[in-house]
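Asker: Chain by chain, the residues run as shown.
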Amino acid sequence: MSIPPSDRPKDIRVSLVGEDALLFAFTATTAADVPIDVQQRVWQLYGWLDLQREPLGLIEIVPGMGNILIRASQKTLLNTLQDLVLTHWPQLKDIDVQGRTIEIPVSYGGADGPDIDYVAEHCGISIVELIETHCSRTYRVYCLGFQPGFAYLGDLDPRLILPRAKTPRLAIAPGSVAIAGSQTAIYPSESPGGWHIIGHTEVPLFTPTKSPITLLQIGDSVRFVPVGEPR
Amino acid sequence: MIEVLRSGPLTTVQDLGRFGLRHLGISQAGVLDPIAFRQGNLMLGNPENAAVLEVSVGPLFLRFTAPCRIVLTGVDFAGSISNPNAPTTQQVLPGHPTAIATGSTLSLLRPAIAGAKGYLAVSGGIDVPLLLGSRSTDLNNRFGGLNGRALQAGDYLPLSRQAPPQPGLNTLVRSFAPSHVLRALPGPDYDLFDDDAHQQFWMQPWGISHQSNRMGMRLKGRRLDLLQPVNLLSAGVLPGDVQVPNDGLPIILANDAQTIGGYPRIASVIQADLWQLAHMSPNTSVYFQPVSHAIAVAAKLHQSQYFERLSEQLQQARQAD
Chain A
1 MSIPPSDRPK DIRVSLVGED ALLFAFTATT AADVPIDVQQ RVWQLYGWLD
51 LQREPLGLIE IVPGMGNILI RASQKTLLNT LQDLVLTHWP QLKDIDVQGR
101 TIEIPVSYGG ADGPDIDYVA EHCGISIVEL IETHCSRTYR VYCLGFQPGF
151 AYLGDLDPRL ILPRAKTPRL AIAPGSVAIA GSQTAIYPSE SPGGWHIIGH
201 TEVPLFTPTK SPITLLQIGD SVRFVPVGEP R
Chain B
1 MIEVLRSGPL TTVQDLGRFG LRHLGISQAG VLDPIAFRQG NLMLGNPENA
51 AVLEVSVGPL FLRFTAPCRI VLTGVDFAGS ISNPNAPTTQ QVLPGHPTAI
101 ATGSTLSLLR PAIAGAKGYL AVSGGIDVPL LLGSRSTDLN NRFGGLNGRA
151 LQAGDYLPLS RQAPPQPGLN TLVRSFAPSH VLRALPGPDY DLFDDDAHQQ
201 FWMQPWGISH QSNRMGMRLK GRRLDLLQPV NLLSAGVLPG DVQVPNDGLP
251 IILANDAQTI GGYPRIASVI QADLWQLAHM SPNTSVYFQP VSHAIAVAAK
301 LHQSQYFERL SEQLQQARQA D
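Protein chains in written order, with the numbering used here: chain A, 1 to 231; chain B, 1 to 321.
Errors might be hidden in some of the hints.
Per label pair, the in silico range of CB-to-CB distance [unchecked claim]: (1) L92(A) x P205(B): 41 to 51 Å; (2) S73(A) x R142(B): 24 to 34 Å; (3) G148(B) x P55(A): 28 to 38 Å; (4) V227(A) x G221(B): 44 to 54 Å.
If you're looking for bench data, these hints aren't it; they were derived computationally from the structure. Quick reminder that beta carbons are idealized off the backbone N, C-alpha and C, glycines included.
Same shape as in the complex, but just chain B (with noise of 0.2 Å):
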């Protein structure tokens, strides 16, 4: 088990999150940065969808019960371990493979960058109950993760007992750094917005709102303009779409937002770039750079292969060991 000691807000448990239920009206939820979250449970040798911590704001105080193995993925937040017995706290190095005994406390202070987001992997994945295919948490519909909502002093998370006996490895894995730079392609809507905006939309640096959240990133810059007002019937919508209200004022939805909208789209991020709302910050301007369709998918794939490729040599210097 793992006592949380003390919390900041928004420590959420989170998987890859609920696929194919958008019909009912239920959300994806899950990690914000998928990327940083298949690195920390690759190098633990973790089940591929282990349940991992998604932390917003620190301070984070855990005590485990029992020993583990932990990674730290996505923004640094200065992690480090102390332990009743031990007279000096350990830094936890990022990416990096740490064993923990049973008795010490980890401590993630806060993130490097405001608003980013860091993971925190455990050796067989954080063991919450698996609620309509996924451990993640819905915070909106508060179900799923620990009792539906963001983590408390005083909360105990069960660890998964089938942890398979994976040898500590002795290397690390290196975060990937936001570009700030977001590839889109059209959304259904492009052509309801006028020539400005079209320009705006691709050229303006566009700053993020401190009222963005898991549901969408608001941005803040020159607002968008329709060529006439319109009034469009409800449709599906999915992370990565790029509504604008109207205030003129874009929110790219997130892995939170819901499932059905009205708001017109202007645009939809590419997936291999969507790992970047997790390291959005109101310091930080992001841009839009138009892509092909091949370019997406062949963004996509490079991004599976690292994948793969990892997981080869991960394999390989387990054997080695």
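Okay, chain A solo, but in the shape it has when bound (with noise of 0.2 Å):
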């Protein structure tokens, strides 16, 4: 590789996956949360790639968490890649992406929210509190995956961290809005998961015929909204 070891940004970890995609990690691979300043490097680094996807030949640019993974046609060398990427690292800013703010009106509790009496129990709350302390962030969109549409938001409040379910369930309805770790989302597609379910939307979160094709982008800021009456 082109860059000296001496000269390279330091904790930045460079990954070979498969023959054609390289793996950066920005922060250790194994650190509870990613700070929100590295990955707002990580949403900017997206950007400025995407704009390259053609010249470039990149295929895939997937943003994860304090990471991305860039897949490359043989149109770059891996190792000119790399340069790229490690040159323009150091150059980004600790701006903000100005994405949008969008407001997820969400039924909480009873047959929409099944695990909301166990999560309310095991932080040690009221079911009231729990909405309440829900709805009280900002989340901002970390990156996309696991299924189309699906956001990794955070950061959630910490009175409200739990363990994914040891079981998970085989089925978790579209629409669905869950909690683990620190993080919160909304499971656009039915799937099985380890994610509690504390309530449910009826925002489509994946529309493949229409653009854009996801509500939700990386980058942009959710707000949970209660509708009717906790169950």
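Join the two chains, each given in its own frame, into one complex according to the hints.
Answerer: Right, dumping it as structure tokens:
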């Protein structure tokens, strides 16, 4: 690789994934949470690379949690791609990507949020407090994945942090609003999953026939708004 | 049109799949065996990415309401054609372009190897709507292909009307025989595993679990242990990545796998060998073989050269006809 190790930005780990992809990890891969300023740089890096998809022949650019996976065609050598990213990273400023703010109406509890009692009990708060706490923050879309339009939203109030369920549900309904670890999310499609379901929204998150395809994009801000009475 | 008279589970419309959308959580989908897919379309003179049927479990009975030519590739499915006006059924030779008359029925019985995939290419391709750049069925998220699901009796598949009138070729293309040796490169988390895991991974024969599907091939064998438990940050994953979840048994991610994962990745199967995922059966086992990056790149190039040669040979054969 042409950048000597001594001149490389510190704490960045670059790994080869298969023969044509590189994974850049910008924080320790096992860090419990990704600092928002690191993730803001990941969003900026994504935007910068997205503009160069065609000229560089980039097949996939996938932002993760404090990392980015880039799959390249033969047009760009992986060494060249590594140099480009490592040279550009230090030039990124600690500025926020101006995403949109999207309000998601949520019906909490009852059949819409079957785990709400479990969550309230294990967090030691009332259901009303749980809903207020979940709705009190503005979350950021760290990245999308797992399903089309599934947004990893952070950060959850520390009072709501619970590990994932030991036994995942076989089928979680589309529109389910769930929490796990320091994140919250909405399931766009039916799927098995180990997150705790506290509510439901009718807002479609993935519409393959429309543009944009997914309601939420990286860097967007999300607020949950309770609708109806908690059940 | 093609009328589906009967279909076993998991017959789907597929092309090469969706690319450039993984940042939105959209999986690749597409044929598990791109070699058999390309062979079929080349034999028919189809557009490169014309949609085909991927057949997993027989039987599949299709009636053609228009004349058509077909090629069967991938695993042998004991195909035959019957026509109400003809007394005998005609066997379909795999890899050989075969004409089908209006009103005829094509029957695919069962795969020669249980679990392996067969491909039915039709002249012009199957003309379901293009969605997000592909005609492939995304079974998990229920879009693409025919109504986002596997075929059922009573379905009608539209055929492309813009099929180029290619003369029928009296030649055949041979299927690739899977070696069940998957060449692989160490993954980003290789060093998180202990020495015994490294040795086990490359040395032991891995059985194929019945729970394998288009999302991933689940392997059976002695478990692989990490040096210490880890909780990794979620990162993008690709088909071919070999993840090791908490039970220590590897999963080779396949075309329908999710786009982001959090399990340690011990290795990635090289792209030139990914087609073999379509031929894994609960009755077979596979080995992983470590190769260099240069070998992986060369193997991919070798494959594209094979298709260039095949394409040239077929063009010459058409001109000679």
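Asker: Now tell me, hint by hint, if it's right for this structure.
Answerer: For each hint, the structure was consulted:
1. L92(A) x P205(B): 41 to 51 Å: holds (47 Å)
2. S73(A) x R142(B): 24 to 34 Å: holds (30 Å)
3. G148(B) x P55(A): 28 to 38 Å: holds (34 Å)
4. V227(A) x G221(B): 44 to 54 Å: Between V227(A) and G221(B), where Cβ atoms are some 50 Å apart, the hint holds.
When the structure is compared with the earlier hints, no violation turns up for any of them.
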